[in-house]
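Add chain P to chain L, keeping to what the hints say.
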Amino acid sequence: MIAETRTACFESLTLDCGETLAPVEVAYETYGQLNAARSNAICICHALTGDAHAAGISHADGKPGWWDSMIGPGKAFDTDKYFVVCSNVLGGCRGTTGPSSPNAATGKPYALAFPVITIPDMVRLQRMLIERLGIERLLAVTGGSMGGMQALQWAAAYPEAVVSAIPIATTARHSAQQIAFNEVGRQAIMADLDWNDGNYYDSNPPARGLAVARMVGHITYMSDESMREKFGRRLRDKETFGFDFSVDFEVESYLRYRGTQFVSRFDANSYLYITKAMDYFDLANGTGSLANAFRSGNTRFLAISFTSDWLYPSYQLVEVVQALRSMNRDVAYCELPSNYGHDAFLVDVGEQTEVVRGFLAATFKARA
Amino acid sequence: MPASAETRRKPFVRDILGRSDFAIIGELVEPDSRVLDLGCGEGELLQWLAENKHVEGRGIEIDGPKVQRAIARGVSVYQGDIDEGLSGFPDASFDYIILSQTLQETRRPLAVLQEMLRVGRHAIVAFPNFGHWSVRLAMLWHGRAPRTKCFPHDWYNSPNIHFLTIRDFETLARGQGWTVDRKIFTSGQRVGTFLANLMAETAVFLVRR
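Just so you know, the protein sequences line up as chains L and P, in that order. Residue numbering for the first sequence follows this note's numbering, starting at 476 and increasing by one per position. Residue numbering for the second sequence follows this note's numbering, starting at 1099 and increasing by one per position.
Derived by calculation from the structure, the hints in this document are not laboratory data. Given the structure is predicted, the values throughout are model-derived calculations rather than measurements. Misleading hints may appear alongside valid ones.
Claimed, not checked - Quick list of in silico lysine-lysine cross-link-like pairs, BS3-like style, CA-CA up to 27 Å:
1. 713/L <-> 538/L
2. 751/L <-> 583/L
3. 1164/P <-> 1151/P
4. 1247/P <-> 840/L
5. 1151/P <-> 550/L
6. 556/L <-> 840/L
7. 538/L <-> 556/L
8. 1164/P <-> 1247/P
9. 1164/P <-> 705/L
Claimed, not checked - What follows is a list of derived Cβ distance ranges for each label pair:
10. 794/L <-> 1269/P: 33 to 41 Å
11. 579/L <-> 1185/P: 47 to 55 Å
12. 836/L <-> 1185/P: 27 to 35 Å
13. 1190/P <-> 579/L: 50 to 58 Å
14. 493/L <-> 1129/P: 51 to 59 Å
15. 1125/P <-> 508/L: 43 to 51 Å
To be verified - From chain P, some residues computed to sit far from chain L (all C-beta separations above 12 Å):
16. 1120
17. 1272
18. 1274
Every residue, glycine too, gets a C-beta built ideally from N, C-alpha and C.
In isolation and in its complexed conformation, chain L is listed as follows (with noise of 0.2 Å):
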């Protein structure tokens, strides 16, 4: 399956913050076909640094989609039987309009002139993409992480477009542990002096700062099993301690090459700018209480979480299945066994296809 992002554009975007973008852009894929009756659409919205080739072979640069063990022909998210649209965040920097895009005043990137931007906003931007395709309602809207953000935000405020929502190892809100990696990310990537209050679009950007943002990332996304189990203690390319500070250890390795990879496919802004997002976010904000968030409407949910995903612990997504029975809504859950940690959701998926296609065919029989 080749899968070529494609871009769309919006007149304009009115933000939480008050203020109005103008244009705006969105790069999107999608994969199937959407039938007659537009009834089989699945919305997939992606993590903090995912972007929009979510399956299949990218066409410009040959590379997999980040979740393409669950999106395409056979799989959890079928591709024969639904059509699949991702698209890239606002804020990203992944071809949707962002702290690194051009301002229209200036002709420059934006930089911190970029508004802050909330989960909300980025669902109101996919809702009017999605609508642009001619989709009235999502059969399905789903993510892990901030993407699990994305589903229930869909599901609360646009309840008529959603008939179901499968929101994955994520929360209502963010934990005060959770807000705190992310303020270490965010301090890192502005302590580095090349940061420059955010202009550095025509210099050196803050590569340091932000691979650091990353190692600490990484270091969430795992669990002490799965790091014993892929690094222990052993030594890289070395029997002995260097007895200096270059790399010893095979976990030092890794996460060093995780974070200068990264710098060279994800904008420092756009990271500062999404972790606020997250952690901004609070679905019972405005409305009291979680129960209330759900007051309306008739999606249908289905809530994963993973045993040792410590970084989205099960008990965030429990409450908001609580907050669903509360309001006798339509609610499974179940916690699915892995050692992975919270890249559950991506690298352990044999359990989570099984239960998410039986619950999509479900729907599809019963409610599209």
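Just chain P now, with coordinates in the frame of chain L:
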């Protein structure tokens, strides 16, 4: 029981999916109702009720692999513990709450039953009868914790922690002021109410507050 036109048309259902308690529950549940099945396993009963009685079903099950298989078959099941699992539901949000062959496994059976009657308009409770003659005989004869067809486990690895008889349940219902609308007893096949506590291996009660 007077045979209505409908029951005459339908053949007598001895079991559904190999279980006689499912057949009885299938008979008790009104079509198009809302049903919550506690300890629903892989969701077989809920799926049967949805397909045959257009029931809107939900389940609670603690065993992860069973929950996964239930969701994979399209049933909305929540992975959790029924001893605490009902607290989030509003009053009278279901027509029926089913507890099949699980009451004797709960830590606080009375609290579970009270919660069932808060959340559901009716409770359907099926349980193995500890008063059956085979249990009494096994106890009397061998002087050991009974192991019978309905209670096949050794005492040290049995999931059953609260044993009860039909008479025990009726006494509790009377004491709590619950109304028993139907009671059905089986021992391989259906048996009458006469000496039920001695003759029935399984009891199914339809109860309301």
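For each hint, the structure was consulted:
Restraint check: the Cα-Cα separation between residue 713/L and residue 538/L comes to about 32 Å, which exceeds 27 Å; the hinted pair is violated. As the CA atoms of residue 751/L and residue 583/L are separated by approximately 23 Å, the hinted pair is consistent with the 27 Å bound. For the hint linking residue 1164/P to residue 1151/P, the alpha-carbon distance of about 23 Å falls within 27 Å, and the restraint holds. Between residue 1247/P and residue 840/L, the direct Cα distance comes to roughly 40 Å. Violation of the 27 Å bound is thereby established for this hinted pair.
About 32 Å separates the Cα atoms of residue 1151/P and residue 550/L, which puts this hinted pair outside 27 Å; it is violated. Between residue 556/L and residue 840/L the CA atoms are separated by roughly 12 Å; this keeps the pair inside 27 Å, and the hint holds. Pair hint residue 538/L plus residue 556/L holds up; C-alpha atoms about 24 Å apart against a cutoff of 27 Å. Under the criterion of a C-alpha separation no larger than 27 Å, the hint pairing residue 1164/P with residue 1247/P is consistent with the structure, at around 24 Å.
For the hint linking residue 1164/P to residue 705/L, the alpha-carbon distance of about 30 Å lies beyond 27 Å, and the restraint is violated. A hinted range of 33 to 41 Å holds for the C-beta pair residue 794/L and residue 1269/P, which are about 39 Å apart. Separated by about 53 Å at the C-beta atoms, residue 579/L and residue 1185/P satisfy the suggested range of 47 to 55 Å. Checked against the given bound of 27 to 35 Å, the beta carbons of residue 836/L and residue 1185/P, roughly 31 Å apart, stay inside it.
Distance hint check: the CB atoms of residue 1190/P and residue 579/L are about 57 Å apart, consistent with the given range 50 to 58 Å. In this structure the supplied range 51 to 59 Å holds for residue 493/L paired with residue 1129/P, their Cβ-Cβ distance being about 53 Å. Checking the proposed 43 to 51 Å range against residue 1125/P and residue 508/L shows it holds: the Cβ atoms sit about 45 Å from each other. The Cβ of residue 1120/P sits about 20 Å from the closest Cβ of chain L, beyond the 12 Å cut-off, so the non-interface label holds.
No Cβ of chain L approaches the Cβ of residue 1272/P within 12 Å, the least distance being about 32 Å, so the stated non-interface status holds. For residue 1274/P, the condition that its CB be more than 12 Å from all CB atoms of chain L holds, with the nearest at approximately 25 Å.
Violated hints, listed in ascending order, are 1, 4, 5 and 9; each of the other numbered hints is respected by the structure.
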